[in-house]
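**Student:** So you can see what is in the structure, the chains are spelled out below.
Protein chains: 2
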Amino acid sequence: MKRVQVAETASLASKTVRVSGWVNAVRAHGKILFIDLRDQSGVLQVVFLPNEKAYEPAKDLRPEWVIDIVGVVSARPKQMVNDKIPTGAIELVAKELNVLSQAKTPVFEVLSDGYEISEEKRMKYRYLDLRRERMQRNLRMRHKIIHFMRDFLTREGFCEVETPCLTKSTPEGARDFLVPSRLQPGSFFALPQSPQQYKQLLQVGGIEKYFQIARCFRDEDPRADRQAEFTQLDMEMSFVEREDVMEINERLIIEIVQTFFPDKKIQEIPFPRLMYGDAIEKYKTDRPDLRKDQDSLAFCWVVDFPFFEKTGKGEWTFTHNPFSSPKPEFMQDLLNKKNIGNILTTQYDMVLNGAEIGGGSIRNHRPEALEAVFEIMGYDKKMIKENFGHMMEAFSYGAPPHGGIAYGLDRFISILLNEPNIREVIAFPKTGDSRDLLMDSPAPIGSDQLKELNISIKKNAKKR
Amino acid sequence: MKRVQVAETASLASKTVRVSGWVNAVRAHGKILFIDLRDQSGVLQVVFLPNEKAYEPAKDLRPEWVIDIVGVVSARPKQMVNDKIPTGAIELVAKELNVLSQAKTPVFEVLSDGYEISEEKRMKYRYLDLRRERMQRNLRMRHKIIHFMRDFLTREGFCEVETPCLTKSTPEGARDFLVPSRLQPGSFFALPQSPQQYKQLLQVGGIEKYFQIARCFRDEDPRADRQAEFTQLDMEMSFVEREDVMEINERLIIEIVQTFFPDKKIQEIPFPRLMYGDAIEKYKTDRPDLRKDQDSLAFCWVVDFPFFEKTGKGEWTFTHNPFSSPKPEFMQDLLNKKNIGNILTTQYDMVLNGAEIGGGSIRNHRPEALEAVFEIMGYDKKMIKENFGHMMEAFSYGAPPHGGIAYGLDRFISILLNEPNIREVIAFPKTGDSRDLLMDSPAPIGSDQLKELNISIKKNAKKR
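If you read the sequences in order, they're chains A and B.
Taking our numbering, the leading residue of the first sequence gets 1, the next gets one more, and so forth.
Taking our numbering, the leading residue of the second sequence gets 1, the next gets one more, and so forth.
This is chain A alone, in the form it adopts within the complex (with noise of 0.2 Å):
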């Protein structure tokens, strides 16, 4: 007999159908057992009466057991009706029960929300924690979300390009994760920080509208709310202006709001902007937290941004991304190497209730503009050579101006989902300092790995 979901059973009253999920509770009343069933798509009370051959083995059931059962779906006395799941009216009358898993004793409940059980606890029995209807909720709505965006975007025409995880390392940005490379000892592949060049290059090639759900790495220190690898949503658009990327984003990110959370305010429509220097100079942040309502989703565009800052060692750096455009006015400037601390950027970021989802720019297509750009960082020819030389000559080839975004999925899910961290709508999240509980990893590798890979590990490295 093929399967139901226990969801299904709702409509099917009087029909012997079969289930098979966890044993979520077990109680007795009297000589009758009662368990709650539970697969993906609910819960539902099966009932094992003494005269029914599945009585007996029902007997040693216990919670998270994993059955099937195959019963007559029954309406429940009046007096017995749940109106608070679907299944509350029926219940299944048990003829065959098969066990198909038993179950040690759970290290922690599955049925609560587990906020209030320890964290390295949770990860470390993660597939009993996914268990439970919240983190269900969360692993799926994060599904349908992602899946919606990527609908939207085919729809407006974009493609979606698979960029490498085996790449190089450049001096920007965070810390690289780094890959010894076997086959050519005493080189190194570095894990993306962002597909950023590959996008970039993409658009060089005629790929006009690239997305791309994309893994991105970075070896952070300890952070709380960070994880070693995250997700982004990255795109790029050719022959753009700010206000294109900016237009399509905004209607994107309204119908996630509206197709998937209805009930939730979004504060203002159109999202307003502040300037990056009014935002500092009201809220003493370009992060601000717009709500009124506690409870609405507040929305804001914060533009503006200087292009450069000087670093600790009174150095210029850039305070978002190197591969921006200044704004029009200041290109002048920006080639001149003049009045760099005034010059601004097309830098755009959306910020959500206070956090920074998401943020891009227009891009500098001009070869000369760019290695400007890493003159003014103190870079000197050869290392501007070493490190940008494959985007300064690609641009060299005919480049479209394009512009992009990049949205940080795992913050923006979670702050839509309610959720405290994004570590609560991850599957299998890390540490806060990048430990896997679950595998034990990282962990120390074999003599012989080592000698493969041509390296060897320090003497005054610190053993685990």
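A few of these clues could be false.
As the list claims (entries may be wrong) - Where chain A lies over chain B, by a calculated footprint (3+ residues, C-beta under 8 Å):
{"id": "1", "segment": "63-77"}
{"id": "2", "segment": "123-133"}
{"id": "3", "segment": "162-171"}
{"id": "4", "segment": "438-446"}
Claimed, not checked - Computed cross-link-like contacts, EDC-like style, restricted to lysine to aspartate or glutamate with a CA-CA straight-line distance of at most 16 Å:
{"id": "5", "chain 1": "A", "residue 1": "LYS385", "chain 2": "A", "residue 2": "GLU375"}
{"id": "6", "chain 1": "A", "residue 1": "LYS385", "chain 2": "B", "residue 2": "ASP440"}
{"id": "7", "chain 1": "B", "residue 1": "LYS124", "chain 2": "A", "residue 2": "GLU393"}
To be verified - Residues from chain A that face chain B, not an exhaustive set, calculated with beta carbons under 7 Å:
{"id": "8", "residue": "ARG3"}
{"id": "9", "residue": "SER20"}
{"id": "10", "residue": "ASN24"}
{"id": "11", "residue": "SER434"}
{"id": "12", "residue": "PRO442"}
{"id": "13", "residue": "PRO444"}
These are calculated hints, taken from the structure and not from any lab test.
Using N, Cα and C, we set each Cβ at its ideal position, and we do this for glycine too.
Starting from the structure of chain A, add chain B where the hints point.
**Tutor:** Okay, now just chain B, sitting in the frame of chain A:
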């Protein structure tokens, strides 16, 4: 004025429009200048007449310059109509011309199919190579096919879950890429060869229908048609038997072919099924090419593989996947470690025109049976616990029966697109010895980076 795509101009006769793109070709006819303008939607003939202000600057135009034109769409004289392109009945009479980016003379032709050009050169200048019509079609069809897979599986109730890329090295299958941990000196992450363990843990976690378009990594010796990183459609389902997995997958593959390649003929539906022994006897291979017509798509399933085979050293190893379940009638032999060479696995491979495009199995969700597999392969208790203890423990907390499949998408898509190798359907492929010629990676890194990672390069390492 808002830009239109060149394909849209076909229906805009007598309208003034703005278009942008690359100069595809330049020619003169007496005093009149013609160019073909190319954007992602197609090609448009543009005419520069001597009396227009766009005429003088148009004299400088060269192939691959990026330009922006305002002009009037006009019907072509009857004898000049080109039936071969959608815009062949019209041309654009240019009024204004704006050069967005000049271009050096391209290092190779971008109007041809490109097969005649050295592949190393095509990889180094991939941003030029991607401009050719064939590569544009390949990337766009790849997007459409993968998006269709996501749509299909989402409709069928599947949930896409992203699993980690920074995970653990385990002694199975091919060689891992390793990532030194800076925060845990002396320890390493491994990049996943597949999400096999995580997708099984998701089944234990109640995600009953999982899929993922997953990046996978294998550090293989140079082989012509392999890539160090590649893309899988990865899938896993709970409470299923072999027939359930095969049914939904056969339906998915047939729908893809019928949707995107209506002219291609699938040789036989339902896909024929061959037993491994029969395939070897009749075709001398377990990936037979069953085509009677060279143009057809000859799919078949191969089943009933032996679970174990002897290595060169005379030890037992798995033929496909250590996490597979034996066929039910061989479970007792597995548990008793008897008749090992005769045990058949639940493995099913999907073969297309002589290439294995996918494979999977029903998994072994009984901890004691999984332990028996590793014992047969000669692993001692300590090694099993260290490497697979987390899987065995997960299965002890109530594991549903489950099974799945994974496809090598690069291969499948290259066959559908009649391409001779997988690099033709990958945006930024690497060479056979895993070098990225565009980024020039892998590359040496700075001594400060090595120091931070607590590793050193062995002195005898060959320097680049």
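**Student:** State for each hint whether it applies.
**Tutor:** Tested hints:
no.	hint	result
1	63-77	holds (count 4)
2	123-133	holds (count 7)
3	162-171	holds (count 8)
4	438-446	holds (count 8)
5	A:LYS385 / A:GLU375	holds (11 Å)
6	A:LYS385 / B:ASP440	holds (12 Å)
7	B:LYS124 / A:GLU393	holds (11 Å)
8	ARG3	holds (6 Å)
9	SER20	holds (5 Å)
10	ASN24	violated (11 Å)
11	SER434	holds (6 Å)
12	PRO442	holds (4 Å)
13	PRO444	holds (6 Å)
Going through the hint list in order, the structure does not satisfy hint 10, though it satisfies all others.
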